[in-house]
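Novice: Each chain, written out:
Protein chains: 2
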Amino acid sequence: MPDQLISVTGHLCNDYILSIAEYPKLGTSCRVLDRRNYYGGGAANIAVGIAKLGGSSELIAAVGRDYPGSSYERHLKEIGVATRLFATDSQNCSTAFMVNDCDGNQITYFEWGAGELFGTAVAPALSFVHMATGDAAFNVRIAEQAEFATFDPGQDVKYYEADHLESLFASIDILICNNFEVEIMCEKLGWTESDLIAAVPTAILTKGKDGSVLHRNGDAIAIPACPVTLVDPTGAGDAYRAGLLTAYRKGFALPVCCKIGAVTSSFAVEKVGTQTNLPDWTEMEQRYAEHFGTLKKNE
Amino acid sequence: MPDQLISVTGHLCNDYILSIAEYPKLGTSCRVLDRRNYYGGGAANIAVGIAKLGGSSELIAAVGRDYPGSSYERHLKEIGVATRLFATDSQNCSTAFMVNDCDGNQITYFEWGAGELFGTAVAPALSFVHMATGDAAFNVRIAEQAEFATFDPGQDVKYYEADHLESLFASIDILICNNFEVEIMCEKLGWTESDLIAAVPTAILTKGKDGSVLHRNGDAIAIPACPVTLVDPTGAGDAYRAGLLTAYRKGFALPVCCKIGAVTSSFAVEKVGTQTNLPDWTEMEQRYAEHFGTLKKNE
Numbered sequence: 001m002p003d004q005l006i007s008v009t010g011h012l013c014n015d016y017i018l019s020i021a022e023y024p025k026l027g028t029s030c031r032v033l034d035r036r037n038y039y040g041g042g043a044a045n046i047a048v049g050i051a052k053l054g055g056s057s058e059l060i061a062a063v064g065r066d067y068p069g070s071s072y073e074r075h076l077k078e079i080g081v082a083t084r085l086f087a088t089d090s091q092n093c094s095t096a097f098m099v100n101d102c103d104g105n106q107i108t109y110f111e112w113g114a115g116e117l118f119g120t121a122v123a124p125a126l127s128f129v130h131m132a133t134g135d136a137a138f139n140v141r142i143a144e145q146a147e148f149a150t151f152d153p154g155q156d157v158k159y160y161e162a163d164h165l166e167s168l169f170a171s172i173d174i175l176i177c178n179n180f181e182v183e184i185m186c187e188k189l190g191w192t193e194s195d196l197i198a199a200v201p202t203a204i205l206t207k208g209k210d211g212s213v214l215h216r217n218g219d220a221i222a223i224p225a226c227p228v229t230l231v232d233p234t235g236a237g238d239a240y241r242a243g244l245l246t247a248y249r250k251g252f253a254l255p256v257c258c259k260i261g262a263v264t265s266s267f268a269v270e271k272v273g274t275q276t277n278l279p280d281w282t283e284m285e286q287r288y289a290e291h292f293g294t295l296k297k298n299e
Numbered sequence: 001m002p003d004q005l006i007s008v009t010g011h012l013c014n015d016y017i018l019s020i021a022e023y024p025k026l027g028t029s030c031r032v033l034d035r036r037n038y039y040g041g042g043a044a045n046i047a048v049g050i051a052k053l054g055g056s057s058e059l060i061a062a063v064g065r066d067y068p069g070s071s072y073e074r075h076l077k078e079i080g081v082a083t084r085l086f087a088t089d090s091q092n093c094s095t096a097f098m099v100n101d102c103d104g105n106q107i108t109y110f111e112w113g114a115g116e117l118f119g120t121a122v123a124p125a126l127s128f129v130h131m132a133t134g135d136a137a138f139n140v141r142i143a144e145q146a147e148f149a150t151f152d153p154g155q156d157v158k159y160y161e162a163d164h165l166e167s168l169f170a171s172i173d174i175l176i177c178n179n180f181e182v183e184i185m186c187e188k189l190g191w192t193e194s195d196l197i198a199a200v201p202t203a204i205l206t207k208g209k210d211g212s213v214l215h216r217n218g219d220a221i222a223i224p225a226c227p228v229t230l231v232d233p234t235g236a237g238d239a240y241r242a243g244l245l246t247a248y249r250k251g252f253a254l255p256v257c258c259k260i261g262a263v264t265s266s267f268a269v270e271k272v273g274t275q276t277n278l279p280d281w282t283e284m285e286q287r288y289a290e291h292f293g294t295l296k297k298n299e
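Chains as they are written, first to last, in UniProt numbering: chain P, 1 to 299; chain C, 1 to 299.
Fair warning: there could be bad hints in the mix.
Because identical chains share one entry, a pair is satisfied inside a single copy or across any pair of copies.
Unchecked claim - Capping the alpha-carbon separation at 35 Å, the derived lysine-lysine pairs in DSBU-like fashion look like this:
#1 K271 - K296
#2 K209 - K25
#3 K296 - K158
#4 K188 - K25
#5 K250 - K25
#6 K271 - K25
#7 K207 - K25
#8 K25 - K77
#9 K297 - K188
#10 K25 - K158
#11 K296 - K188
#12 K297 - K25
#13 K188 - K77
#14 K296 - K25
#15 K77 - K297
Hint data in this document are derived by calculation from the structure and do not stem from the laboratory.
Between the sequences and the hints, there should be enough to build the whole structure, so can you do that?
Specialist: Spelled out as structure tokens, the structure:
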């Protein structure tokens, strides 16, 4: 049903995780003991999560010369994510090279790459859009035109200025963020957490294993997390948003949407990678029933 | 013509060259200013060079889980290189991540990856084979069964033991190596350069911009290099071998083959990358005529 389309704007990224014994000195080389490649980028993770749950998602992202014919392109097609892409031949896709040594240290080489296109890209008018971590000014242009907009600042929160945030908060319907992002945004705006919550119609604050809190009309509803064996927290937030948005678009009440987000997220953390263990609707529904009782549109 | 097939054994490798301002401290990240991906691996470079020159080449290499459906696979198909591959799902293709900073420093993260398969791979019996840089024991098994074999130790020369080298020299028809490799091999064997040259029917010693020397039956014939504007020396040796082998398989006399190698090599150094500026036979023939006079099978 095209009227249920969820557009998601932000990053598509290739994540390379390399394991080495120790970092090489200048002018030398070292052996890579293991390397894993993952499909990443917050917006892509969310769009994939929605599609896996049976929702209709469209990814609006920037891609580089290494995208056409790539396995990432085939992956999105296979999962059924529609795409509206800004493409360039002069850059690669955004790519993160994370290098871990045996002592638990990490260094990251981050290639912004095609992500630069957001700076000049024309923002389309959208019916229902989630703005994931991405370019601040582009997201402002998206939010101004959107009929219904949700927003998470994600890891790019540090690149948002106070006027970006104020402009976004004036346009969006739901803000989704974690404690760390709340802190940074409050600091930039000179606000308290209560000011932030009061600035938007709905605010959902995620707190990792402590669940999430839905703030609406002055009420705060605590949503517990689903207790599972945590293997890798990467992608937990994106899976939460995928569950929440899919459910919201299907007409579920917001507190139920948050629980569906929590259940979806619990799958993501059970395996390494962000798009590797996302549930379909039936799998989500089964685990939902175990933790929250039979799934109903309202409760 | 299948009877003119040239098999090439050794590495297929993905080369990633990253440029950064300065190396990140532990626990931090830095921006990648530019990244270029190149098709590499000595054996793959040579097989591609032969195919570009109109020869018939077959690449015998190890590949990982990232090979099927990759652009490298399409690249080899498009150029017309036949492949006989050892494949694994538990490793990636051999991959080199070279990270250059603004002060001209380089560090390399090298992933041997699928290259490990050579250790247990069954070596096929071949009519005409070039052994490029690769696993020492595997190359010994190849050389023992080959009807006609040529060998270059390349960057893996440090992994060859004296008995590997002695066994290879007893089986091969042509040795091709540079000054650095001669030094390492002589040290391992306790030999002089003359001993090395006397141990094989034909030895071709390449000397970069100073050309190459063909040693055969006690004679030494100097072959000048083609003077061109050098942009990137990477791949020069592989292009030389591609030209030499293609010409030899077509029945050209060895001194002419060496000149064809020199001409082919001169194209490779004019552009960055190893497989990026290889000539077809006509282009090679034109430049040959400019430097060495009209191309003839004997001279």
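Novice: With reference to the structure, classify each hint as holding or not holding.
Specialist: To see whether the hints hold, each was checked on the structure:
1. K271 - K296: within (28 Å within a copy, 64 Å between copies)
2. K209 - K25: between (39 Å within a copy, 30 Å between copies)
3. K296 - K158: neither (38 Å within a copy, 67 Å between copies)
4. K188 - K25: between (39 Å within a copy, 27 Å between copies)
5. K250 - K25: neither (55 Å within a copy, 47 Å between copies)
6. K271 - K25: both (33 Å within a copy, 29 Å between copies)
7. K207 - K25: Between copies, since 29 Å is at most 35 Å while 39 Å is not.
8. K25 - K77: Neither: 42 Å inside a chain and 38 Å across chains, both beyond 35 Å.
9. K297 - K188: neither (38 Å within a copy, 76 Å between copies)
10. K25 - K158: Intra 31 Å, inter 20 Å, cutoff 35 Å: intra and inter.
11. K296 - K188: neither (40 Å within a copy, 76 Å between copies)
12. K297 - K25: neither (58 Å within a copy, 50 Å between copies)
13. K188 - K77: neither (39 Å within a copy, 54 Å between copies)
14. K296 - K25: Classified as neither: same-chain Cα gap 59 Å, cross-chain 50 Å, threshold 35 Å.
15. K77 - K297: Within one copy, since 30 Å is at most 35 Å while 53 Å is not.
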